[in-house]
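Q: With these hints in hand, go ahead and build the complete structure from the sequences.
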Amino acid sequence: MRLWCEVKTAMKRATLAVLAAGALVGCAGRQHGPARSLDEWTVGSPGGVVQVNVRLMDLGGTAGYTAGRRLYYRALHGPVEVLAWSPLGLTRDDEDFTQGLTFTDQRDRPVVETYTLPRGKRRDHSNRGTEHVLSFRTARGARLDLELRLFDDGFGFRYRFPETNARRHTITAETTGFRPPPGTAATLSPHDRPGGRAPSYENAWLVDVSAGTPSPAETGWSFPALFHTPDDRYLLITEAGLDGTYCGTHLGPLPHQRIYRIAFPNREEAPATSPANPSSSLPWATPWRVVIVGDSLATIVASSLVTDLAAPSIVADTSWILPGRASWSGWSDSASPRSYAKLAAYVDLAQTLGWEYSLVDAGWPTMQGGTWQDLLRHAASRKVGLLFWYDSGVAHGRTTIMREASSRQQELQRLAVAGARGIKVDLFGSDKQDVIKLYLDILGDAARRRLLVNFHGATLPRGWERTYPNLISMEAVRGAEHYRLDPTFASYAPSHHTVLPFTRNAIGPMDYTPVVFGHVGKSKRRTTYAHELALSVVFESGVQHFADAIEGYMNLPDEARSFLRTVPAAWDETHLLQGEPGRLVVIARRLGRAWYVAAINGEAKEKRVTVPLTFLENGVFDMVLLADGELDNAFGITKRQRGALDAQAVILRPNGGFAMRLAPIH
Numbered sequence: 001m002r003l004w005c006e007v008k009t010a011m012k013r014a015t016l017a018v019l020a021a022g023a024l025v026g027c028a029g030r031q032h033g034p035a036r037s038l039d040e041w042t043v044g045s046p047g048g049v050v051q052v053n054v055r056l057m058d059l060g061g062t063a064g065y066t067a068g069r070r071l072y073y074r075a076l077h078g079p080v081e082v083l084a085w086s087p088l089g090l091t092r093d094d095e096d097f098t099q100g101l102t103f104t105d106q107r108d109r110p111v112v113e114t115y116t117l118p119r120g121k122r123r124d125h126s127n128r129g130t131e132h133v134l135s136f137r138t139a140r141g142a143r144l145d146l147e148l149r150l151f152d153d154g155f156g157f158r159y160r161f162p163e164t165n166a167r168r169h170t171i172t173a174e175t176t177g178f179r180p181p182p183g184t185a186a187t188l189s190p191h192d193r194p195g196g197r198a199p200s201y202e203n204a205w206l207v208d209v210s211a212g213t214p215s216p217a218e219t220g221w222s223f224p225a226l227f228h229t230p231d232d233r234y235l236l237i238t239e240a241g242l243d244g245t246y247c248g249t250h251l252g253p254l255p256h257q258r259i260y261r262i263a264f265p266n267r268e269e270a271p272a273t274s275p276a277n278p279s280s281s282l283p284w285a286t287p288w289r290v291v292i293v294g295d296s297l298a299t300i301v302a303s304s305l306v307t308d309l310a311a312p313s314i315v316a317d318t319s320w321i322l323p324g325r326a327s328w329s330g331w332s333d334s335a336s337p338r339s340y341a342k343l344a345a346y347v348d349l350a351q352t353l354g355w356e357y358s359l360v361d362a363g364w365p366t367m368q369g370g371t372w373q374d375l376l377r378h379a380a381s382r383k384v385g386l387l388f389w390y391d392s393g394v395a396h397g398r399t400t401i402m403r404e405a406s407s408r409q410q411e412l413q414r415l416a417v418a419g420a421r422g423i424k425v426d427l428f429g430s431d432k433q434d435v436i437k438l439y440l441d442i443l444g445d446a447a448r449r450r451l452l453v454n455f456h457g458a459t460l461p462r463g464w465e466r467t468y469p470n471l472i473s474m475e476a477v478r479g480a481e482h483y484r485l486d487p488t489f490a491s492y493a494p495s496h497h498t499v500l501p502f503t504r505n506a507i508g509p510m511d512y513t514p515v516v517f518g519h520v521g522k523s524k525r526r527t528t529y530a531h532e533l534a535l536s537v538v539f540e541s542g543v544q545h546f547a548d549a550i551e552g553y554m555n556l557p558d559e560a561r562s563f564l565r566t567v568p569a570a571w572d573e574t575h576l577l578q579g580e581p582g583r584l585v586v587i588a589r590r591l592g593r594a595w596y597v598a599a600i601n602g603e604a605k606e607k608r609v610t611v612p613l614t615f616l617e618n619g620v621f622d623m624v625l626l627a628d629g630e631l632d633n634a635f636g637i638t639k640r641q642r643g644a645l646d647a648q649a650v651i652l653r654p655n656g657g658f659a660m661r662l663a664p665i666h
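Using our numbering, you'd call the opening residue of the sequence shown number 1 and step up by one each time.
None of these hints come from the bench; they were simulated from the model.
There may be inaccurate statements among the hints.
Stated by the list, open to error - List of simulated lysine-lysine pairs, DSBU-like, C-alpha gap at most 30 Å:
no.: 1; residue 1: Lys605; residue 2: Lys639
no.: 2; residue 1: Lys524; residue 2: Lys605
no.: 3; residue 1: Lys607; residue 2: Lys524
Claimed, not checked - What follows is a set of in silico ranges between Cβ atoms, one per label pair, in the way DEER data are often shown:
no.: 4; residue 1: Glu404; residue 2: Ile314; range: 38 to 46 Å
no.: 5; residue 1: Gln641; residue 2: Glu404; range: 17 to 25 Å
no.: 6; residue 1: Ser281; residue 2: Ser406; range: 19 to 27 Å
no.: 7; residue 1: Gln257; residue 2: Ile665; range: 56 to 64 Å
no.: 8; residue 1: Arg593; residue 2: Thr172; range: 49 to 57 Å
Quantities reported herein were computed from a predicted structural model and do not represent experimental measurements.
By construction, the Cβ of each residue, glycine as well, lies at the ideal position given by its N, Cα and C atoms.
A: What follows is the structure, encoded as C-alpha cells:
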C-alpha cells in the first residue's frame, strides 16, 4: 500500500509538471507551424524528467511531412526538445493506420517492477514508470492502441491491435520515425547488405556524423543509433521486446529532413523464400521502439531500459545460470577444435586462471586424438564447463541440427545428459520473422535443458536476456576476430573500442572476445597491453571469452594474471566516469564490495586521466593499478591503499589504458 501511495504521489507530481510543460509544448508547436489541435496528449515520466507529446494534426506543407491529418509525437528532456515532431503509424494489408484516425479512449497506470538478471551491468532492477495507452479507430472501425511507457531515463512505445481475429495479417509498412533537432551529431553503424552471414551487425561505426546524412549502404543504418543534440542531450534509439510475431528492424537509408524511419529486413536476406514483412493473427503487438535519454552519456551507459521493456523471465529457477570467463582456442589457432590435445590444453588454461568455461568452436565433430565425450570428462575433472559451437544453417540455407526442432531438441538433450554447459549458435544472417522465431525456439529449448546460449553471426540483443536469462551473450559486433578478417582493423580498433560502451554494449551483452596480447593474421594490433587488459572491465558479456593463445596469458606478469583470475563477468553496479565515443572511456563496475575501474584511450596521443574515488564506501581499499608501462607491451604497476577521499591520476599512452582493482581491507 505504501509503495502504491508513493507511486500515485509521484504520478500526481509528474502530471502537474507535465500539464505545465504541455502549455509550453503547445506554444513551441505553434512556433514550428502546425495549428493547435484538441487531439493532443502530453504524458510524463514519474519524476517529470521525460515528456512525450502526441498529436493528431496535419503537417502538410512542412518539409519532410506528408499531407493529411496524421499521428505525430515529440519528446522533451526537461524543457529541452530532444525529438521534434516525428511520424507514427503503420499500414496493415487490410487497413491504413497512418491517417483518418479518431481518438476513442485513454488508459493510464503506474509501472512498478522488480527483477534480477544473472548477468549484466547490474543484477537488481527496480523500475518505476508510467504507462499510457491511447486508443484510436480508423474510418472503417479497425482499432489501434498506441502504448507508451515513460521512465526518467527514456521511453518506449509500441502499437497494439487489440481485436481478436484468427486470420493472419501482414504489416506492409511502418511509418514510425525519429527526428532529432537541427545541429545534432550522430554515431551510427551502416546496416549490412544481405549476403553470406549478413546482416550480422559487424560494421564499423561512424562518429560525429551530421544527423540526416544518408547511409553509405542502401540498406540504411543499424540499431542502436546514438545522437548528441546541440543542447547537450544524448539519445540512444533501438528496439526491445521483439518476439516471434515480428521481424527485427533498423533505420532506413535516407533520413529526409532528419527523420529516421523504421525499415524492415531486405527481401534478399536468408531464407530467400521467407517474407520480409511480419505477419500474425490478432491480437498483436509490435516491438517497443526505445529512446534512452539523458543529459550525459552516463545515463546511456547505465540504462537498462531495453530489458525493462522486455517480457519477464520464463525461467523460474535461474540458480544454474552462472556467468563467467572462458578460454577459447579459435582466435589464435583456427584448426585447434579438430585436436583433442589442443582443446584439452585450453581447458587446463581455464583451470589455471580460475575461469569457469572453455569454448569448443567450429570443427569439433571431426576432433582427432579423443572424442568430445572424452573432453567433457577431462573438463569435469578440472571443474571447467564446456560450450559447444553449432551452425544455425540459416545464412547458407542449410538444414542443420539447430534449425529443425526435433533434431535440435534431441541434440540439446544429448549435450545436457553428457554434462555440457551450453552452446554457441552461429551464422544466422537474417532479421526476418521466421529467423527471430528460431532464435527464441533455441533459447526456450536450451532453457528447458539448463543450457546457456551464445549467438554469433547474429542479430542484436533486444531484451531477450530478461525473458530467457540463459542467453548469456551475443556477438553482433565487429570483434577481435576481425584482426584476422580485416587487414585494416588494427588501425581503427582503439577508437572502435571507445564507441562500443555507448552504443552496442549499452543495450545488452556483447561477445567481442577481448583481451589479446598477441597477433593473428595481417592486422597487427596497435593497442597497449594495459588497453587490452582494461577491456575485461570496459566490455560486458555474461561469458567473457578471452581470446588469446595460452602463452599470451601465461607470459603476463603475476599481477596481470591475478587480475584476470578475479575480474568478474557480471556486476552489481556500473558507472561511466568519463568518456566520449571514439576518444576515451573510463568506467567503474562493482561486484560485492570490490570495485574494478578501467580506461581505454581511443586516440594515438598521450592523455592524463584523474579518477576521483568518491564511489567507494567508507573504509580503506587495497588498490592494484595496472597502467601503461614504458613500452606498449609492458605494465606500470602501482600498489597502495586508497579511500573515498582520494583520486588517482594515470597517464595513458597513445592507444593505451589501465585496469584497477580496489578490494576492501577486512
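Q: List in ascending order the numbers of the hints, as given earlier, that are violated by the structure.
A: 4 and 5
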